[in-house]
Each structure stands twice: as C-alpha cells, then as structure tokens.
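There are 2 protein chains.
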Amino acid sequence: MKISLIGAGNVATHLGCALKAHDHQIIEVFSRQLENASKLAEELDAHPTDNLSQLNANVDLIIISVNDDALPQVSQSLPETNAIIAHTAGSISMDVLAFHKKHGVLYPFQTFSKDKKVNFKDIPILIEGNSSEVTESLQHVANSISNTIILASSQQRQQLHIAAVFACNFVNLQYAIAEDLLKKENLPFVLLLPLIQETAHKASQLSPQKSQTGPAVRRDQSVINKHKKQLENDPEMAQLYQLLTDTIQKKFK
Amino acid sequence: MKISLIGAGNVATHLGCALKAHDHQIIEVFSRQLENASKLAEELDAHPTDNLSQLNANVDLIIISVNDDALPQVSQSLPETNAIIAHTAGSISMDVLAFHKKHGVLYPFQTFSKDKKVNFKDIPILIEGNSSEVTESLQHVANSISNTIILASSQQRQQLHIAAVFACNFVNLQYAIAEDLLKKENLPFVLLLPLIQETAHKASQLSPQKSQTGPAVRRDQSVINKHKKQLENDPEMAQLYQLLTDTIQKKFK
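Protein sequence lines, in the order shown, are assigned to chains A and B. Residue 134 in my numbering sits at position 134 of the first sequence; the count goes up by one each step and never skips. Residue 23 in my numbering sits at position 23 of the second sequence; the count goes up by one each step and never skips.
Hints listed in this document are in silico derivations from the structure and should not be mistaken for laboratory results. Possibly wrong hints are sitting among the right ones.
Pairs involving identical chains hold if they fit within one copy or between any two copies, as the list cannot separate such chains.
In silico DSS-like cross-links for lysine-lysine, where the CA-CA straight-line distance does not exceed 27 Å [to be verified]:
id : residue 1 : residue 2
1  : K250      : K228
2  : K101      : K114
3  : K251      : K101
4  : K116      : K229
5  : K183      : K101
6  : K228      : K117
7  : K114      : K184
8  : K253      : K101
9  : K184      : K228
All values derive from a computational prediction rather than experimental measurement.
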C-alpha cells in the first residue's frame, strides 16, 4: 500500500518503521516542524513536508498520529482524497474524521518510547472503519504488521485506553516511587527487577484477581502502620499509600 | 546444612523446596495446624510438628516464616539452641530474635503464591546477622539457592519492603482495576498483556524515571477530563485516577 504519515512522534515512528519493514511504501511524512518530518522521512525513504494542504492525495492510506487535541484541525486541513484517513488515538472517536468519505481508526495498543524498540507482531491493533470496505482495508494493513487484530467500537477503544492508563502509566508511577524509596537507602533499582517481572508474569498466568499479595490484602495492620510511619515525612506519599491500601481492601474481600 | 522450618505458608514452602533441591536436609516443619505442617513436611522428607517447645534443637539453622505479628511469640517459644535462628520478614528488625545467641535475617525478595513456581536463582536474598559468623553462615546458605545475595541492615530491608509494596502490590491493584474496566466492555484481559510486559521491560531497560508515558505526563487535559467523565459512576475510581494523575504531574516536571 502507498501510505503517508501525519506526525513524526513515537507512534508514527514505530508504526512507520513496521509498515516499511513489511513492504508498504511510505510516500510522505508531515510534521509541523520540517526538521522532525525530515528525520523520520529519511528513515522511511519518504518525502518530508510541513504543509498539510499540499499533501499528495494520491495514496491508499493516510495515518494521523498527532496529539489528540490537534486531531480535529489536522482532519480539516487535509486535501480531498480517495485515500482512507485513519487516526491512531485510543481515546478519540472515529467521528472526528467524519469530514472524509473513507475514514477509520488503527490503534496499536502499546506504550511507545523513541529509544525502545518494540516487536510490532506482538502488539494488538484495534480497528474501526466507517464502512466494511474501509474496515477490511485497515484489517489488511494491520494484519501485515501484527498477529492480533481486533474490531472494536470507539466506546470499547476508549475503555481500553483508560484501562491502559492504569495498567501502564499508573504502574510506571509505582515503579518510579519504588525507585525513589530505594535511592534514599542507597539500594539499587535492579534489586526490584525480579519482583517487577514476576508481578507482571503472575498477572498474566493467574489473573490479577488471584495474584494480590502484601499487607493490604492480608489485613496486616501492624505492617501497614509501620509503612505509614516510614512515610510520615512525605505526606503525599503517605496519602497515596493509604488510598491504595483502602482500595485493595475494598476490592479483595 | 540441617535446617528446620517454622511456618508452612508461601515463603516457607518455596524456600523449603529450594533448600531441599540444593542438598540441604530439612529436619522439621512446624505449623500451628499439624495438617499444614504434615503436607509440607511430606514434600520435604521432614518431620511435621505443632509443638514449638519440643522442636529438635540439634540443627544448624531454624528459619521462621510466619506472619509478622506472630514473630515475637514464636521467637520466645523456641527451645534453647546452638542453631542460627533467622526470620524471613522484610519489615521486621533482626532484634525481634535477640533472645537467641545466634540470630539473623534471610529475606528472599520476591512475591510468592502457592500455585506459581519461581526460579529461586533469580531471587535476591537480603542477609543480616548478629555476628560475622552468623552473617557468613547465612550467606553460605543463601548462595546455595540464589545468585544475588546482599548484606542489608534492618533499616535498608524495611525500605526495600515498602518499595516492594509499591512495585508489586500496588502494581497488581492497577492490573486488577484495568481487568475490571475491560470486563465492562466485554474485552479480554489478554489484550493488556503485551502492554504490561512492555511496561515492566521498559522500566528495567530505561528506568521508570525515563519511561513515563500517557495523558498525565503529557499534561493532556482533554484526555484526562474524558477519562474522569468515563469514571464518574465510580467516585472511588475517579478519586484514585485524579490522585495518581496529580502525583505523576508533580513527580515528572
């Protein structure tokens, strides 16, 4: 397929590389900063541009990976085209692209960082199209780069997105807090890695519902009190500890 | 070494199996419920008992793996012995065992569930002894079952324990919340597994400090507002979402 990318951030970069690696042709890369567009375009053998209205309309698919807030304006600035216009945002309805005849969503469900390679084959891709023709085409593209393709409504995708905030963003926050706590006692973060891996692994083998351990679920009030005392110099951390402990005790009865 | 185990819970079970597999001899297993002691003792070719004061004192090491609250009483009920008495509790000072001539701590830093096998070689073990002789003996035992042995004070161990509550217990809570959110839209939990694995992997490769993604750290208020609206039927979840978002925004500037 001939594909153009709007955006040159983490998602556009990883997606663009996976598409090129599976024999799709990337035609243009747009970014508001021409420098960013050029950098990614060079990697993908594509043309860089910072002018949306001049975009080459003669492609099969235009993928928009920009900040959610920018989506409506980007959608309206695109030239008229027969290409499918698809965005990659978890929390935005497909309808933001309703201005275009053929539109849909291709949402790769993973956390992307510039410096960290990912294996796209393992990344679930959620698909939605405004017609069965569009849905099929998006399925076809997604199938070429991933083993797990799921048809999902905008509402389902939005629910998955908020679940991801808990399972990824809020999880990383817990890791970062743990890292800080260890630093205060000159202990290395690597000490935590087997525990972190096992916790992730256990959730996938047993389900989180069956994997909860620790003082909160054991109702071990003396340990809980001791921990709160250790955190008393950091009232925000103590408050967070208490709220998370309360939530565990309500959830696991 | 000749070793006896006080307790027949998750830690005692996994530790006992690892010790036996590495040619230590397990002499006795104590549990207040003789049935539990018998079950584990059978697995370890040991004698079961529910009578602490009658414990065979003629061993090298007695490992106490009981609920934190029970530790002081168990310590006082043990017969006089030349054996090293060591507990396995992260958050309890070594001094709880000061009643005994040779005492220390052997804290395997991992989350244990009965039904989930773990590879002890990968589990860091924190060691503390009340004399260099005790410390060396505990190091020797720990070395026979794990590749990572760390000498740590009671204070360091307590800090590691609270860090583990964040990096394991509170992390599993986030997974469980995500699972519930998906259920509401009939989406399978397996969808989240690549994200969960990648989040854990990224933290170990890049450090959590560099791995934070999502609407909170991007200050993407429109997504945050949308998520809070999605959670408005569950005020506790909405409160948790807000507090975790605030914490991320203060922590990552």
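Hint numbers not upheld by this structure, sorted from lowest to highest: 2, 3, 4, 5, 6, 7 and 8
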